[in-house]
Amino acid sequence: MNRILPWLVPVLVLLAWQAGSQFGLIEANVLPAPSAVAAAGWHLARSGELWTNIEVSAARALVGFAIGGGIGFVLGMTNGLSSISDTLTDSTLQMLRNIPHLALIPLVILWFGIDEEAKIFLVALGVFFPIYVNTQHGVRSVDPHLLEMGRAYGMSEAALFLRVVLPGALPAIFVGLRYGLGIMWLTLIVAETISASSGIGYMAMNAREFMQVDVVVFSILVYAALGKLADSVARLLERTTLRWNPVYAKA
Amino acid sequence: MTVNVLERAADAVTHASSPGAAITLRGVTKTFGTHRVLQGIDLTVEAGAFVAIVGRSGCGKSTLLRLLSDLDQPSTGNVVVDQRTKGWRDIVRLMFQEPRLLPWQRVAHNVEVGLSRAHTMRDRRRQAEDALAQVGLDGRGHHWPAVLSGGQKQRVALARALVSHPKLLLLDEPLGALDALTRIEMQDLVTNVWQDKGFTAIMVTHDVSEAVALADRILLLEDGKVALDIDVDLPRPRRHGDPSAARIEGRILDQLLRR
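These protein sequence lines map, in sequence, to chains A and B.
Just remember that the working numbering sits 1250 ahead of the position in the first sequence, which is counted from 1.
Residue 215 in the working numbering sits at position 228 of the second sequence; the count goes up by one each step and never skips.
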């Protein structure tokens, strides 16, 4: 019963939507019926257009995430561990963090045109900050008692990092990861909608020109599904690596 | 079979010398900024003794323990542990007030933290299991620390301290956070292990009755000096509420409270 109940409202909404379209209460050029959206999706999938665009968008997302997340992770670790590096770079990074990265779009278009680099740059920039901030916070909040224990028990600096610092910081790093994944899709949607010649966002904008509202709605749903997929993968990773923590063990 | 014999032979070689470390402190002081925490301590502890150090908060007992654990150096004077003036960290183990287990490692892995990387993995696992059996937690190696009770966690911490066969065990109020009954059980466990292994034990506590229950000798630290040095000549096993123990306890408390 508890497994079915959460699906009740979405199913009812879907039925009401379908019925509304069927009886002409919702006009097709405002919001096409769910069946029409599904048909559009089926059509795109069969022509292969959908898969090419998903591939292009996913590649941009992942490359941008790897670059921005990687730099954020390394800098977060370094600044969490070394106070010299932290004093040197943290306040600068915090200042940059206050610039909404999407505000840079005009500048980025001037720099990179509308090529791949532009999208990847924006995604990397957007993903960088949540990963950086949370990694740094995670490292700093590692229990100093455990560090003292590790030293008293003769752990080398490398062992101390691998057995105490990294696992201690992991819960916070996962918070950054999931937040970063959200920003990743958001940035990509905006970037692809404004300037692109391929990808899901382009597919939606192109459909708009031809008044294919069903394709537009379908593209939005694809974005939602991709975002949900990324979040599920992150949660799965979180559950497997944080099994020791009773909070995650039950979930 | 052959392996076991070899291992035992290796064990015998390591423990051929006395299982406990003798300690000598000469004119030891420790200053933090302008505050002199230890004001010239001279002390000799024979190998295999159980010494309790009692005193009020801030009397310097934790500082003394840090010097003995080789985590810190004295400002003046010298500390000799097991005939070494430095670098004895590998023969000392420290037990803290909190268990300080790594929550992300299973119990057996936590115990293995006490072993050097030099052992093979199988060897480490075997020694960890042995140490766990010693503290009455056989077969719990695969559990996460989070599922253990406070007393069990402190037992794991004891196993971690014992697994490397230290010659000197330092205990920093290790039973302070436990409930009364668990505490008595742990006191018995510590006494048994100490009698069995023969290491030197130094325990810091502000519970005088605990000091009397466990130690051969009690040092009272006041303002960074040894104010009282009493031998506890009571037969073991000691029972709680023994009248002669109460007399010693009374004497120490009188000094502590300046009555």
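Hints were generated in silico from the structure; no laboratory data involved.
Glycine residues also receive a C-beta, built at the ideal position from the N, C-alpha and C atoms.
Check each hint, because a few of them may be wrong.
Which bits of chain A does chain B cover? Going by a derived footprint, with three or more residues having C-beta under 8 Å, they are [claimed, not checked]:
#, stretch
1, 1259 to 1271
2, 1318 to 1326
3, 1413 to 1420
In the SDA-like style, the derived pairs of lysine to any residue whose C-alpha atoms are separated by at most 25 Å in a straight line are [as the list claims (entries may be wrong)]:
#, chain 1, residue 1, chain 2, residue 2
4, B, K73, A, K1478
5, B, K73, A, L1410
6, B, K184, B, D110
7, A, K1478, A, T1339
8, B, K73, B, G27
9, B, K73, A, I1317
So which of those numbered hints doesn't the model satisfy?
Numbers 1, 2, 4, 7, 9, in rising order.
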